[in-house]
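> Take a look at the letters that make up each chain.
Number of protein chains: 2
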Amino acid sequence: MVGKRKGEHMLHAPHVGYLAIVGLGPGQRDLMAPRAIQVIQEAELVIGYRVYLEQIHDLLSDKDVHVSELTHEVERATLAVQSASAGRRVCIVSSGDAGIYGMAGLVLDIFSRQSEEIAGNASPVLEPDIEVVPGISALNAASSLLGAPLMHDFAAISLSDLLTPWTTIAQRLSAVASADFVVVLYNPISRKRHWQLGEARRLLLEHRAGTTSVGLVRNAYREGQKVQLTTLEHLLEYDIDMFTTVVIGNSCTRVRQGRMITPRGYEQGRLL
Amino acid sequence: MVGKRKGEHMLHAPHVGYLAIVGLGPGQRDLMAPRAIQVIQEAELVIGYRVYLEQIHDLLSDKDVHVSELTHEVERATLAVQSASAGRRVCIVSSGDAGIYGMAGLVLDIFSRQSEEIAGNASPVLEPDIEVVPGISALNAASSLLGAPLMHDFAAISLSDLLTPWTTIAQRLSAVASADFVVVLYNPISRKRHWQLGEARRLLLEHRAGTTSVGLVRNAYREGQKVQLTTLEHLLEYDIDMFTTVVIGNSCTRVRQGRMITPRGYEQGRLL
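Those protein sequences? They're chains A and B, same order as listed.
Sequential numbering of the first sequence, starting at 15, is according to this note's numbering.
Sequential numbering of the second sequence, starting at 15, is according to this note's numbering.
Hints are computed from structural coordinates only; laboratory data are not their basis.
There could be a bad hint or two in this list.
As the list claims (entries may be wrong) - These stretches of chain A come out as covered by chain B in the derived footprint (C-beta under 8 Å, 3 or more residues):
no. : segment
1   : 47 to 55
2   : 167 to 176
3   : 183 to 191
4   : 242 to 248
5   : 264 to 273
Positions of the beta carbon are idealized from the N, C-alpha and C atoms, including for glycine.
Put together the whole structure using the sequences plus the hints.
What follows is the structure, given as structure tokens:
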């Protein structure tokens with residue numbers, strides 16, 4: 015890929031920056047894409063939340079590293095865009111897939127705002143190359159540990175109402191419950207959000223039986239991994255936290271030999 | 015992991031079989047999990063659809079290989095279960111993530127039926143160890159190439175009505191359209207199914223504007239990769255086939271600098 019030149023008065027070609035937005039996968043190194051490892055190794059500057067950088071500390075010995083805390087996403091994304099625009103090779107890391115509830119959107123949004131501003135003035139600028147490296151998200155990881163719950167149509171819903179009104183989230187829960195989707199809940203609970211999971215369960219139960227299979231995966235492919243099977247009825251009796259992914263089966267999902275399996279299809283009421 | 019012994023009259027411990035159900039990712043080797051490569055390398059028998067096995071032919075030189083055609087899923091899954099139950103190290107491969115519309119469900123279903131039958135008779139049997147290795151699915155891959163369309167709640171829907179009545183699929187499309195999910199369409203069209211994508215578009219347009227952003231990714235991270243941006247209004251003017259993943263934005267998804275970006279949240283109508 016080649017950086018796109020803006021403006022016409024360039025005399026000397028400066029170094030074209032590069033920005034990789036990388037998902038580290040669930041945590042276990044052998045589930046991280048080799049392409050993700052490569053772009054980290056080739057970066058001069060690696061930016062991320064402290065916990066994720068600890069996960070790849072062996073790859074960072076010769077690099078500039080910018081560590082920040084959980085809520086500083088805008089700061090991290092802005093630094094990544096500015097550094098790449100100044101010609102550096104930069105990598106910003108997320109857990110899971112940076113493209114699923116990850117950092118990719120914020121970084122690309124800040125980048126495009128900056129590009130649009132730059133396009134409005136006369137100074138020549140080389141835009142950095144940008145690459146989003148896909149990864150194994152919590153839904154891929156949790157599903158593989160539970161068995162095969164995502165063999166049919168599914169929806170991913172975050173229960174975090176920090177940036178989304180609860181009415182929108184509630185409407186989504188009801189919609190997918192009524193249309194018999196398998197449902198993957200991200201951010202089911204946090205230190206400051208306690209009631210949303212119970213409310214989600216209540217909305218799901220308006221359309222789905224209490225016996226519906228539910229899989230709980232905490233710390234998938236990390237230290238302290240815990241995989242549990244329960245039902246909608248008993249969901250709230252389990253310890254669920256911000257490191258847990260909750261997978262709620264559709265009306266045909268069954269537990270067989272300790273594994274959660276959703277059939278591939280329906281035929282006149284019969285499972286396939 | 016250790017195989018679970020069934021029955022009490024075992025005199026000599028036979029070899030415990032092993033069965034890995036593996037997603038190869040989108041195609042490019044550096045997006046395939048190292049764990050997937052390892053279990054293929056350690057297998058005696060590798061089973062898969064011809065096209066997927068060609069993709070990993072360099073890993074298969076010293077192995078028994080069972081190649082079959084696209085529709086023979088039950089045959090492949092049964093062979094995998096029987097061979098592992100006979101004590102062999104077996105790997106069955108899917109593209110993308112074996113756990114998302116992949117082979118994992120069918121294999122685990124056949125395995126559990128066999129286990130339940132065996133549990134009913136007296137002969138001693140060692141169950142094979144089973145591992146589902148997660149991978150990068152079409153939704154992860156397409157999303158990374160489009161920008162960041164999956165930053166907020168989304169639904170995956172297959173338009174194949176071979177195993178699912180169209181009425182169920184139509185109900186799901188309407189449900190997620192009305193609740194403003196980003197929508198990822200798997201199997202939008204095949205040689206024998208032509209009208210479903212048009213009908214899906216019609217149902218989506220009942221709840222969403224014609225200007226809604228749509229991303230089309232054909233052969234993600236493979237030869238012939240094609241990434242296109244359009245709108246719901248113009249969707250049917252594009253060449254879409256069984257190798258295409260269709261990503262339909264929510265009401266806030268925008269195209270900026272050629273990338274599809276869904277904001278992280280809503281706040282009083284304002285995008286975040």
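> Looking back at the numbered hints, which does the structure fail to meet, lowest number first?
4
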